[in-house]
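Visitor: So the chains spell out like this:
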Amino acid sequence: MSVWQRLLALDRRWVFAGIALAVVIPIITGYTLPLGKPAPPTVAVYEYIEKLEPGAVVMFGFDYGPASMPELHPQALAMMRHALERDLRVLTVSLNVQGTVLASDALQTVGDALGAVDGEDYANLGFKVGGAAVILGMGSDGIANVYRVTADGRPTADLPVMRGVRNYDDVALVVDLAAGNIPGAWIAYAHQQYQQDLALGITAVMATDYYPYLQSDQIIGLVNGLKGAAEYEVLLGLEGREAPGMLGMSAQSIAHLLIIVLVIAGNIAYFASGRRARR
Amino acid sequence: MRLQVPLVITFLVGLFMAVQFFVPHELAQGPYDALLAWSRIVGAFALVLGIGSLLRTHWEKMRRRRRDWPYSLATIGSFLAMCVIGLGWGHEPGTVFDWVFQNVQVPLDATMFSLLAFFIASAAFRTFRARSTEATLLLVAAIVVMLGRVPSSLIVLFGQSGLGDLLSDRLPDISEWLMNVPTIAAKRGIIFGVALGSIATALRIILGIERSHLGGGGGGGE
Numbered sequence: 015m016s017v018w019q020r021l022l023a024l025d026r027r028w029v030f031a032g033i034a035l036a037v038v039i040p041i042i043t044g045y046t047l048p049l050g051k052p053a054p055p056t057v058a059v060y061e062y063i064e065k066l067e068p069g070a071v072v073m074f075g076f077d078y079g080p081a082s083m084p085e086l087h088p089q090a091l092a093m094m095r096h097a098l099e100r101d102l103r104v105l106t107v108s109l110n111v112q113g114t115v116l117a118s119d120a121l122q123t124v125g126d127a128l129g130a131v132d133g134e135d136y137a138n139l140g141f142k143v144g145g146a147a148v149i150l151g152m153g154s155d156g157i158a159n160v161y162r163v164t165a166d167g168r169p170t171a172d173l174p175v176m177r178g179v180r181n182y183d184d185v186a187l188v189v190d191l192a193a194g195n196i197p198g199a200w201i202a203y204a205h206q207q208y209q210q211d212l213a214l215g216i217t218a219v220m221a222t223d224y225y226p227y228l229q230s231d232q233i234i235g236l237v238n239g240l241k242g243a244a245e246y247e248v249l250l251g252l253e254g255r256e257a258p259g260m261l262g263m264s265a266q267s268i269a270h271l272l273i274i275v276l277v278i279a280g281n282i283a284y285f286a287s288g289r290r291a292r293r
Numbered sequence: 019m020r021l022q023v024p025l026v027i028t029f030l031v032g033l034f035m036a037v038q039f040f041v042p043h044e045l046a047q048g049p050y051d052a053l054l055a056w057s058r059i060v061g062a063f064a065l066v067l068g069i070g071s072l073l074r075t076h077w078e079k080m081r082r083r084r085r086d087w088p089y090s091l092a093t094i095g096s097f098l099a100m101c102v103i104g105l106g107w108g109h110e111p112g113t114v115f116d117w118v119f120q121n122v123q124v125p126l127d128a129t130m131f132s133l134l135a136f137f138i139a140s141a142a143f144r145t146f147r148a149r150s151t152e153a154t155l156l157l158v159a160a161i162v163v164m165l166g167r168v169p170s171s172l173i174v175l176f177g178q179s180g181l182g183d184l185l186s187d188r189l190p191d192i193s194e195w196l197m198n199v200p201t202i203a204a205k206r207g208i209i210f211g212v213a214l215g216s217i218a219t220a221l222r223i224i225l226g227i228e229r230s231h232l233g234g235g236g237g238g239g240e
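If you read the sequences in order, they're chains C and W. The first sequence stops at residue 293 when you use our numbering, and every number in between is there. The second sequence stops at residue 240 when you use our numbering, and every number in between is there.
Isolated chain C, as found in the complex (with noise of 0.2 Å):
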């Protein structure tokens, strides 16, 4: 058997083998690579939450659960860390039943760190059934007719952080972090029925499904995957602990390295293998 034929027949547990080898030791030994100029989509989104006045309300949807959290939660807490150092209030729904604890997790870790407060600067709304009923519902009947307690049982409207919102006009933005179609569901509804200026935060192999809404200004700005969420990092200037995308971003470079040379050793094996057999 000769070389080329032995690498195609290579155990596939090797393969395993080396993409455990690539993601656990760049996260273990703490080992960062520079992560390159931030993708225009995410600029879009961190320009336009900049200039947003301090007291307007950003909405959050959590519309992903555990499985996608080492992609999408870096997001959250990035783009959530820039609206509350900007004094922009918050607010979280979820349409995903999961994400309402993840909404809770971000709020509490971005609120501790920066000192915001509960109900004052924001709130979690938590969980509502219904998909795109809800969204159009916050659009018609008002956000707190449809989120009438917080994911903790305090009355919407009564909470400070909620004085003044009624429903999409009162809210400067949406961005929607999901793993699943529902973001088609708040361009479709709240943006093209209620001209909601809408971001998304969406995990790397969905970005195709959303690349045509940024051409047609659908969405004002796109946060693409892990990179995303390090780039937007990058742009708030953030390093180390408070940095999981950045961390997260050199064990999938690595990774992505290593399959991109498993793929070009496979072909130049099928190839010359291939020659060979001819002769």
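It should be emphasised that the hints constitute simulated quantities derived from the structure, not laboratory data. Certain hints may be false.
Every beta carbon over 10 Å from chain C, so not counted as near; a handful from chain W, in silico [to be verified]:
| # | residue |
| --- | --- |
| 1 | Tyr50 |
| 2 | Arg82 |
| 3 | Ala218 |
Covered stretches of chain C (in silico footprint by chain W; criterion: 3 or more residues with CB under 8 Å from a CB of chain W, positions within the stretch not fixed) [stated by the list, open to error]:
| # | segment |
| --- | --- |
| 4 | 23-32 |
| 5 | 80-90 |
| 6 | 116-129 |
| 7 | 151-162 |
Each residue gets a CB set at the ideal place from its N, CA and C atoms; glycine is no exception.
Model the placement of chain W on the given structure of chain C, informed by the hints.
Guide: Below, chain W without anything else, positioned relative to chain C:
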């Protein structure tokens, strides 16, 4: 009657929802708001039905000792435990529910999803071959987009040399172009196709041609 009444309701509500979009008058908006509230209530009932169906399926599996029935026991046990913990002590940060969620469900879910990386790497190595022109184009585009997503990895490959810096500077732009031009062109075609298909399906349902949502099987027609 069991067939006609749902068909009439579907027709009237479907027609109303299509018309009200173009009529911003109070007469149209009032019933529209009411219908939205109803749909949220129906959605809540659907959640209850879903939970009931899940429990019934797993209960039957356990009762009849079908293959892998212990997994059903784990499902029902976990469901009941989380219900008791959540309803009894709340689900705010710092509660038992939150602790279980953060320390059991999050790692389990993340582990399941992380396994994909291993299988994708293995599958890419074995099957991603430049067997034809189309496959070669796909392969090259995939590598450019992947490297464009993680430009710093090129520094690992080439070091801080001129080539490494040049590639890590240029590849993200090429990757963005691939995402912004050819990908969007294809994606728009798909979106238009799906939208037209959705309109056609909606019309079939409103007009009572498609009746599979009423149960009893059958895709539609007379």
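Visitor: Tell me the hint numbers this structure goes against, listed in increasing order.
Guide: Per hint list: single violation, 1.
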